[in-house]
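J.: Note that the sequence shown covers residues 1 to 94 in my numbering.
Heads up, a few of these hints could be off.
BS3-like mimics (lysine-lysine), calculated; alpha carbons at most 27 Å apart, straight line [said to hold, decoys possible]:
#1 Lys17 x Lys53
#2 Lys5 x Lys33
#3 Lys53 x Lys26
#4 Lys4 x Lys33
#5 Lys53 x Lys33
#6 Lys33 x Lys10
#7 Lys26 x Lys4
#8 Lys17 x Lys5
#9 Lys53 x Lys5
No wet-lab data here; the hints were simulated from the structure.
Bear in mind that the values here come from a model prediction, so they are computed numbers and not experimental data.
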Amino acid sequence: MADKKEELFKQVDPDLKVVIIEVSDKEMFLYGKSYGRGGEIFYNLFGLHATDKVEEAAFEQGWARISLEAIYFNDILALTHQLDFIVEKLTSKP
1 MADKKEELFK QVDPDLKVVI IEVSDKEMFL YGKSYGRGGE IFYNLFGLHA
51 TDKVEEAAFE QGWARISLEA IYFNDILALT HQLDFIVEKL TSKP
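Can you make the complete structure from the sequences, with help from the hints?
T.: What follows is the structure in structure tokens.
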């Protein structure tokens, strides 16, 4: 995994902010570092960070229900329906 982290940081700034959301037909959720949806990979393994608002809202419990107006998008927005593809690309062997 260390080689994938090194490869990632050759392409992106390690100080960028990552927000993981899931959108359903009626609700939207933020995910932190301990509730699946890629948080363990982005935040724990790769050491990336969320915005302060996401950390406050979702990191203690692992997730938070939010409204669209509450999101402030920074550098990366990871939509969970595409997360498997992102993780596969970052972790696959050449």
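J.: Name the hints, by number, that the structure is in violation of.
T.: 7
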